[in-house]
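Numbering-wise (the working numbering), the sequence shown opens with residue 205 and increments by one.
Please note that the accuracy of each hint is not assured.
Unchecked claim - Lysine-lysine pairs mimicking DSS-like chemistry, simulated, CA-CA at most 30 Å apart:
1) Lys411 x Lys429
2) Lys429 x Lys606
3) Lys619 x Lys515
4) Lys528 x Lys687
5) Lys429 x Lys410
6) Lys410 x Lys606
To be verified - Just the calculated beta-carbon pair ranges, DEER-fashion:
7) Glu712 x Ser514: 31 to 41 Å
8) Pro212 x Gly605: 44 to 54 Å
9) Gly650 x Thr442: 43 to 53 Å
If you are wondering where the hints come from, they were derived from the structure by calculation, not from laboratory data.
Cβ atoms here follow ideal geometry from the backbone N, Cα and C, with glycine treated the same way.
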Amino acid sequence: MANQTRTPLRVARSAMVATGNAIATMVGVEILRAGGHAIDAAVAIGAAMVVLEPERSHLGGDVFLQYWDAGARRAHALNGSGAAPSGATREAMGDIIPMRGIRASAIPGVVDGWLTAQDNWGVMTASEALEPAIALAEDGYALGARQAALMQEYSGLWDIFPETAAALVPQNPRRGATLYQPLLAATLRDIAQGGRAAFYQGDFAKKLVAYSDANAGFFTLADLKNHRCEIADPIWTTYRGVTVTEQPPVSQGHLLLQMLNMIEGFDMAALDPEGAEAVHRMAEAKKLAFADRLAYMGDVPDTPLETLISKAYAERRRDRINPKAAAARFTAGRLGDPANYGTDTTSFCVIDEHGNAVTMIQSIFHPYGSGVVIPGTGVLMNNRMTGFSLEPSHPNALAPGKRPMHTLNTYMLLKDNDLWGIGGTPGGDFQVQTNLQVISQIIDHGRDPQEAIESPKWRVADDGPGLTVEPSLPLDACYSLRKLGHDLTVGAPWSGSCASQVILKDLENDVLLGGSDPRVEGLALGY
Numbered sequence: 205m206a207n208q209t210r211t212p213l214r215v216a217r218s219a220m221v222a223t224g225n226a227i228a229t230m231v232g233v234e235i236l237r238a239g240g241h242a243i244d245a246a247v248a249i250g251a252a253m254v255v256l257e258p259e260r261s262h263l264g265g266d267v268f269l270q271y272w273d274a275g276a277r278r279a280h281a282l283n284g285s286g287a288a289p290s291g292a293t294r295e296a297m298g299d300i301i302p303m304r305g306i307r308a309s310a311i312p313g314v315v316d317g318w319l320t321a322q323d324n325w326g327v328m329t330a331s332e333a334l335e336p337a338i339a340l341a342e343d344g345y346a347l348g349a350r351q352a353a354l355m356q357e358y359s360g361l362w363d364i365f366p367e368t369a370a371a372l373v374p375q376n377p378r379r380g381a382t383l384y385q386p387l388l389a390a391t392l393r394d395i396a397q398g399g400r401a402a403f404y405q406g407d408f409a410k411k412l413v414a415y416s417d418a419n420a421g422f423f424t425l426a427d428l429k430n431h432r433c434e435i436a437d438p439i440w441t442t443y444r445g446v447t448v449t450e451q452p453p454v455s456q457g458h459l460l461l462q463m464l465n466m467i468e469g470f471d472m473a474a475l476d477p478e479g480a481e482a483v484h485r486m487a488e489a490k491k492l493a494f495a496d497r498l499a500y501m502g503d504v505p506d507t508p509l510e511t512l513i514s515k516a517y518a519e520r521r522r523d524r525i526n527p528k529a530a531a532a533r534f535t536a537g538r539l540g541d542p543a544n545y546g547t548d549t550t551s552f553c554v555i556d557e558h559g560n561a562v563t564m565i566q567s568i569f570h571p572y573g574s575g576v577v578i579p580g581t582g583v584l585m586n587n588r589m590t591g592f593s594l595e596p597s598h599p600n601a602l603a604p605g606k607r608p609m610h611t612l613n614t615y616m617l618l619k620d621n622d623l624w625g626i627g628g629t630p631g632g633d634f635q636v637q638t639n640l641q642v643i644s645q646i647i648d649h650g651r652d653p654q655e656a657i658e659s660p661k662w663r664v665a666d667d668g669p670g671l672t673v674e675p676s677l678p679l680d681a682c683y684s685l686r687k688l689g690h691d692l693t694v695g696a697p698w699s700g701s702c703a704s705q706v707i708l709k710d711l712e713n714d715v716l717l718g719g720s721d722p723r724v725e726g727l728a729l730g731y
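With these hints in hand, go ahead and build the complete structure from the sequences.
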């Protein structure tokens, strides 16, 4: 399949943008052309994606990013996720965390994340970065077939939350219908003019708390006023001489590093990347890493992170992989419904003319999050509280002020302490699995970003031995995987629960290579 891609690889000399939405990509390029840096473009893209794909991310959601400062030759990680509100105790929640409704919502972190990133690393004002999104919300945009079909699929949700339907769904949702979002435009304009205080202490905050109080929610004005994102150093490992950086906890980005450490002990370059041996080894590494996640990870101070991402630990775990047979399940519990992962998050990448780079991911968790649009604001709230465990002794146990464990993660690739590539994908628990496959394709098999993205994808659910593959995986590999004991399902074409965006430097020719996933309506574009 090498050199045969559905979407052409993009090549550019100066700058590159890759997103899951063509309009958002053009917004990013326009910001760069207007003198913005990578962070300015990323914030503009993030805001545009809220308007263009509200089912995936929104102002009521979260954001994680990594930023490469070319001048300082240093990477930074930003955690823009929100904690459980102060009233969200185990006793107040009861026996179940609901999938929908305001009780499912954590404090929204994306706005503070955007503004903090721009304050630290941007050159434009918030008003300049948010203006394209405001214009899109006011002027409207035409629905594509995929988004219109999703709106129809979730028609039952609109009966429960008519305010949400009024804000997010045209009267007759079909391809070509125009969606106008004037309330969202007004909220974005408030943020553009008044900064974080306008969102976390102003009209939106008051309306959120009023809605929460009226619907047995947990939010207080103090919860919103006191929210702050976190900037930290990325965590990292090396894979065949390439430094791979990831988001630190509460992100589960460490799982990618664990899996890379495990498969580094195999001669992956000697294996057919679409063959059963390669898929089997990576799938088993995934199971082992996720077993550790369920046992150890959460928003707690004593996470054994250094051990988990060490080479020595990976060697011990690798020894448990039987090359001749698939293992039984290793999981200790479920954190969500894997069937809903993949349409609820958006990921994008930017490299600017100065060499600065951003890989960003933002989400409201499940499609349409909690289902709640706060009246009078146009803001759709997340349902990230469903990521908590109600088991009191679990590291990811629900508690006020605690952040749930996040699937959201991004990666950077460094060579000789300089940026080589950036990437990410939506897909819930399938994110790190997809990122593993893409990185192995690039490093072990020398594939370009588009080839790596379009290669047949597999995924392992976290609650059993099931292995789902795309039908482009060769038939003999499918037969061999079944013989190894995998409970194999062949999914629909391009159904890999991913939407990867990757930008890689071609160091030999001094150009940028951009890849965007044809599984969604994305575009990589540069100049």
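Quiz item: Are Lys528 and Lys687 close enough, with their CA atoms no more than 30 Å apart?
Solution: At roughly 9 Å apart (the allowed maximum being 30 Å), Lys687 and Lys528 satisfy the hint.
Quiz prompt | Distance restraint between Lys410 and Lys606, which requires alpha-carbon spacing of 30 Å or less | solution = holds (22 Å)
Quiz item: Lys619 and Lys515: Cα distance at most 30 Å?
Solution: holds (19 Å)
Exercise. Starting from the hint 44 to 54 Å, judge whether the C-beta atoms of Pro212 and Gly605 obey it.
Key: With a Cβ separation near 48 Å, Pro212 and Gly605 satisfy 44 to 54 Å, so the hint holds.
Quiz item: Straight-line Cα separation of Lys429 and Lys606 no greater than 30 Å?
Solution: holds (16 Å)
Quiz prompt | Straight-line alpha-carbon gap Lys411 to Lys429, limit 30 Å | solution = At roughly 14 Å apart (the allowed maximum being 30 Å), Lys429 and Lys411 satisfy the hint.
Exercise. With respect to the beta-carbon atoms only, verify the hint that Glu712 and Ser514 lie 31 to 41 Å apart.
Key: Taking Cβ atoms as reference, Glu712 and Ser514 lie about 33 Å apart, which means the hint holds.
Quiz item: Lying within 43 to 53 Å: is that true of the beta-carbon distance Gly650 to Thr442?
Solution: Taking Cβ atoms as reference, Gly650 and Thr442 lie about 18 Å apart, which means the hint is violated.
Practice problem: Measure nothing beyond the straight line between the CA atoms of Lys429 and Lys410; if it is 30 Å or shorter, mark the hint as holding. | Solution: holds (11 Å)
The earlier numbered hint that this structure contradicts is number 9, and it is the only one.
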